[in-house]
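Student: What follows is each chain in one-letter form.
Protein chains: 2
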Amino acid sequence: MTERKLTLLPNLLTPNQPLDEAFVPALYQLVPKLKGIIAESQKEGRRFLKHFKVHLPIAVLNEHTKADELNFLLDPIYSGEHWGLISDAGMPSIADPGENLITLARKRNIEIGLISGPSSILSALLLSGMSAESFTFHGYLPINNLKTHLKGFAKNHTHLFIETPYRNVKTLQTLKELFPKGHICLAIEIGGDERVIIDQLAKITDFDALHKKPTVFVFRR
Amino acid sequence: MTERKLTLLPNLLTPNQPLDEAFVPALYQLVPKLKGIIAESQKEGRRFLKHFKVHLPIAVLNEHTKADELNFLLDPIYSGEHWGLISDAGMPSIADPGENLITLARKRNIEIGLISGPSSILSALLLSGMSAESFTFHGYLPINNLKTHLKGFAKNHTHLFIETPYRNVKTLQTLKELFPKGHICLAIEIGGDERVIIDQLAKITDFDALHKKPTVFVFRR
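If you read the protein sequences in the order shown, they are chains P and A.
Here the first sequence is numbered in the working numbering, starting from 844 and rising by one per residue.
Here the second sequence is numbered in the working numbering, starting from 844 and rising by one per residue.
Each hint should be verified, as a subset may be incorrect.
Identical copies look the same in the list; a pair holds intra-copy or inter-copy alike.
[As the list claims (entries may be wrong)] Derived BS3-like pairs: lysine-lysine, alpha-carbon spacing no greater than 30 Å straight-line:
1. Lys950 x Lys994
2. Lys998 x Lys1019
3. Lys950 x Lys1055
4. Lys1056 x Lys950
5. Lys950 x Lys1046
6. Lys909 x Lys950
7. Lys1019 x Lys950
8. Lys1024 x Lys909
9. Lys994 x Lys1019
10. Lys1056 x Lys848
11. Lys876 x Lys848
12. Lys1013 x Lys950
Since the hints were derived computationally from the structure, they do not count as laboratory data.
Modelling step: build the complete structure from the supplied sequences, incorporating the hints.
Tutor: Put into structure tokens, the structure is as follows:
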């Protein structure tokens, strides 16, 4: 029986997140039945599979993968196998290279499945207590013209973004300078040594808290 | 020992979603230890608790809850209890009344926790294969001036929105009329009798598929 299916699988948000907070029972049922997984690296693929005590072929998809290699990744699935797709943390394809693969898979009539799991972006939004009626996730902010970009953020709307961790402090300083009356939620190391700081930007003084730590910014002007 | 904690809990996306695809083991550990839950109705609260075979006090928070009643809901928690917050489906406070409660809870120094679970919006985005590098969730679209609103959607950006199910067909027709070359993903009954339709709007003809069915629209101009 051919399955021809690619299922998006959750990964831990941080390496030390407890498994029982991240993985639903259905994931333990599914993973041993897969024929392989696509991961951002062999190392992360192996680390993921260890949780399920199985050995499976690992194919690599990351920012170095060329467009013409995507078809190659899908070939075993197209031939009738069921594979999984993971990212290094959380759900695949949020700010990840996975989405082109999914579009291509659909074009080749490969079924796409999903097992839900933790998302640091969604968690940050919910924990912030800020309005989730409408919101924008901006991904990584541009390095150039950061101020112009931030000034374009709509009012009465919730904005989420992430930064390369070593840039966190500078971005927060810029945000505070531009919008001292704005409200910020800094969701630091969600799923790990979690810390959530919420305040008016003018009152934020503890910049060390997010220095070099994975942080989701939730912001309202 | 006082806990003074409110934890956001996942609910099933649809009443017939399998529990093992929605609930992590940590949820089964936590729920029996809670002193009560806040739900959108007594009925949904009871339905949720049945999954965990426990009876707990249920307090109601919905669109009829007045702002001055929120403090009343938090009083038992403030006195040192740990309660849970659920919505009728998925994670609480996405397009729900929960967020004011969370803001108020933080002001009263109540700790906010979260157990992750399924989200139909996040699932729709991932299953769509459209770029998740940056996206906006618009919540429910406005009934008046729908066309003007849709025309304001930014290009090169992924847009998500939901509709009251009986308005799905009309909204899809309007979208097709305005943006025949745009790309749509209709994520219908996610977590239930799931169906995902992805195509150029000009090619969409099966409007019945989403008639009166809970649908997340994922759209790029």
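Student: None of the hints should be skipped; say for each whether it holds.
Tutor: Hint by hint, here is what the structure shows:
1. Taking the shortest alpha-carbon separations for Lys950 and Lys994, only the inter-copy value of 28 Å comes in at or below 30 Å, while the best intra-copy value is 39 Å.
2. Taking the shortest Cα distances, Lys998 and Lys1019 sit within 30 Å of each other both inside one copy (16 Å) and across copies (29 Å).
3. Taking identical chains as interchangeable, the C-alpha atoms of Lys950 and Lys1055 lie at most 30 Å apart only when they sit on different chains, with a minimum of 28 Å there against 40 Å within one chain.
4. In this homomeric assembly, Lys1056 and Lys950 come within 30 Å of each other (Cα to Cα) only across copies, at 25 Å, whereas the closest approach inside a single copy is 38 Å.
5. Taking the closest pair of Cα atoms, Lys950 and Lys1046 come within 30 Å of each other only across two copies (15 Å); inside a single copy the shortest separation is 51 Å, beyond that limit.
6. Taking the shortest Cα distances, Lys909 and Lys950 sit within 30 Å of each other inside one copy (18 Å), while across copies they are farther apart (49 Å).
7. For a Cα distance limit of 30 Å, the shortest separation of Lys1019 from Lys950 across copies, 21 Å, qualifies, whereas the shortest one inside one copy, 45 Å, does not.
8. Taking CA atoms no more than 30 Å apart as the test, Lys1024 paired with Lys909 passes between copies only; the shortest distance there is 27 Å, against 44 Å inside one copy.
9. Only within a single protomer do Lys994 and Lys1019 lie at most 30 Å apart by alpha-carbon distance; the minimum there is 12 Å, versus 32 Å between protomers.
10. When the C-alpha separation of Lys1056 and Lys848 is checked against a cutoff of 30 Å, the pair qualifies only between copies, where the shortest distance is 25 Å, while the shortest distance within a copy is 36 Å.
11. Taking identical chains as interchangeable, the C-alpha atoms of Lys876 and Lys848 lie at most 30 Å apart only when both belong to the same chain, with a minimum of 12 Å there against 39 Å between chains.
12. Proximity of Lys1013 to Lys950 under the C-alpha cut-off of 30 Å is restricted to the inter-copy arrangement: shortest distance 28 Å between copies versus 42 Å within a copy.
Going down the numbered hints, you'll see the structure goes against none, and every one checks out.
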